[in-house]
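Engineer: Protein sequences, first through last, are from chains W and G. Going by the working numbering, the residue at position 70 of the first sequence is 70; the numbering climbs one at a time, nothing skipped. Going by the working numbering, the residue at position 153 of the second sequence is 153; the numbering climbs one at a time, nothing skipped.
Just so you know, the hints here were simulated from the structure itself, not pulled from any lab data. Some hints could be false.
[Stated by the list, open to error] Result set (SDA-like, lysine to any residue): computed pairs, CA atoms no more than 25 angstroms apart in a straight line:
#1 W:27 x G:11
#2 W:27 x G:3
#3 W:27 x G:24
#4 G:4 x W:28
#5 W:27 x G:84
#6 W:27 x G:5
#7 G:4 x W:76
#8 W:27 x G:6
#9 W:27 x G:110
#10 G:4 x W:17
#11 G:4 x W:31
#12 G:4 x W:43
#13 W:27 x G:10
#14 W:27 x G:139
#15 W:27 x G:7
#16 W:27 x G:124
#17 W:27 x G:23
#18 W:27 x G:127
#19 W:27 x G:8
#20 W:27 x W:76
#21 W:27 x G:13
#22 W:27 x G:102
#23 W:27 x G:80
#24 W:27 x G:130
#25 W:27 x G:12
#26 W:27 x G:78
#27 W:27 x G:83
#28 W:27 x G:45
#29 G:4 x W:26
#30 W:27 x G:81
#31 W:27 x G:56
#32 G:4 x W:32
#33 W:27 x G:65
#34 W:27 x G:79
#35 G:4 x W:40
#36 W:27 x G:1
#37 W:27 x G:125
#38 W:27 x G:46
#39 W:27 x G:105
#40 G:4 x W:42
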Amino acid sequence: MCTQAVALLAGVMESRGIATACVALVKHVAEAVRPPRALAVPFPFGEALGPAGDAATQLRVLRAALRLLESPGPPPVLEDA
Amino acid sequence: MPLKYRAYMAVYRWRRIDPVPWAELRRPLASARVALVTSAGFYRPGIDEPFRRITGGDSSFRALPDDVDPRSLVLGQISDSFDHGPATADPNVAFPLPWLHQMAAAGEIGESAPRHLSFNGSITAPERLVRDTGPRAAQLLVQDGVDAAVLVPI
Numbered sequence: 001m002c003t004q005a006v007a008l009l010a011g012v013m014e015s016r017g018i019a020t021a022c023v024a025l026v027k028h029v030a031e032a033v034r035p036p037r038a039l040a041v042p043f044p045f046g047e048a049l050g051p052a053g054d055a056a057t058q059l060r061v062l063r064a065a066l067r068l069l070e071s072p073g074p075p076p077v078l079e080d081a
Numbered sequence: 001m002p003l004k005y006r007a008y009m010a011v012y013r014w015r016r017i018d019p020v021p022w023a024e025l026r027r028p029l030a031s032a033r034v035a036l037v038t039s040a041g042f043y044r045p046g047i048d049e050p051f052r053r054i055t056g057g058d059s060s061f062r063a064l065p066d067d068v069d070p071r072s073l074v075l076g077q078i079s080d081s082f083d084h085g086p087a088t089a090d091p092n093v094a095f096p097l098p099w100l101h102q103m104a105a106a107g108e109i110g111e112s113a114p115r116h117l118s119f120n121g122s123i124t125a126p127e128r129l130v131r132d133t134g135p136r137a138a139q140l141l142v143q144d145g146v147d148a149a150v151l152v153p154i
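Next comes chain G alone, as it looks inside the complex:
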């Protein structure tokens, strides 16, 4: 990671969750509906709006259908704090949809959710994420009957 990011992270005041909420998994994993949430900023070119470079970070999200081809997605993350090569070559490093489908087929989880969510994780001012877009994203998962979400950064 470039030095400028190391220096920034060393003094950054991380936002603390307090109190920490807790939701029991409502049913066994083998019958649970599971959604993926990635912060890689993946989006569907020509269908979704690209993520924007704005002060504090773009807190919006894109909903990706369960039948999306991960190889058709564009890595919307614009941060140069990490190597874009691996996720461009293999989206599974941050959006492991084929592996989730494989686990559903094997009965390890109940099923894959109808929609998965993609955020652009380069957010230094997360107020809007916590108060607006995050709750709307959660509501979308509730509407889809999602029991559990796996969240993957990049």
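Next comes chain W alone, as it looks inside the complex:
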């Protein structure tokens, strides 16, 4: 449900001119909902950016999400972390 919520919000924000990068905990939900740019992560619910206390992994995933902002498209863009 969280993946759908952020994906739908990404769509709303993007239609108002804000570039978005969405982290997706469930890839098939991102495929169904189709946010403009999404990064599918292999982590369980409750730790979308990586394990608690694992700063290196969290930073790596955040950087990967931010890199999607410079993707040339076309939408929807869906990559694996």
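Chain G: place on chain W using the hints.
Structural biologist: Okay, now just chain G, sitting in the frame of chain W:
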């Protein structure tokens, strides 16, 4: 995840974005103003209203100032579909504000936005999210001159 949620998600009709909008990043990432949007339901106790347990989900949001201490936030998500332990111990798993600040200081992004947004992502009926609170949240980011948003579920 408990079986009841697996069963629910297997038959749930996901809401499809069609057509998919596209906003080019207006400036290079290294000069862009970036906001975080989390669906962990984080809020400031004693300052923000807690999220509510209502049918279909609470579609409201809280705006968190850029200088908020993430460790002072309460995890407002009431869903038992996930382990609350990691986000309670380390808010960065869903609201990586210190990492965004670190990237701004290093010049990887332009700057962190003055406000970030927190939703409670357990929303099964997202009409209000798409038609009301989502657009208001987007307007807030537009007012703040935000170029880009990173959205993190939990």
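Engineer: What hint numbers does the structure not satisfy?
Structural biologist: 7, 9, 10, 14, 22, 28, 33, 38, 39
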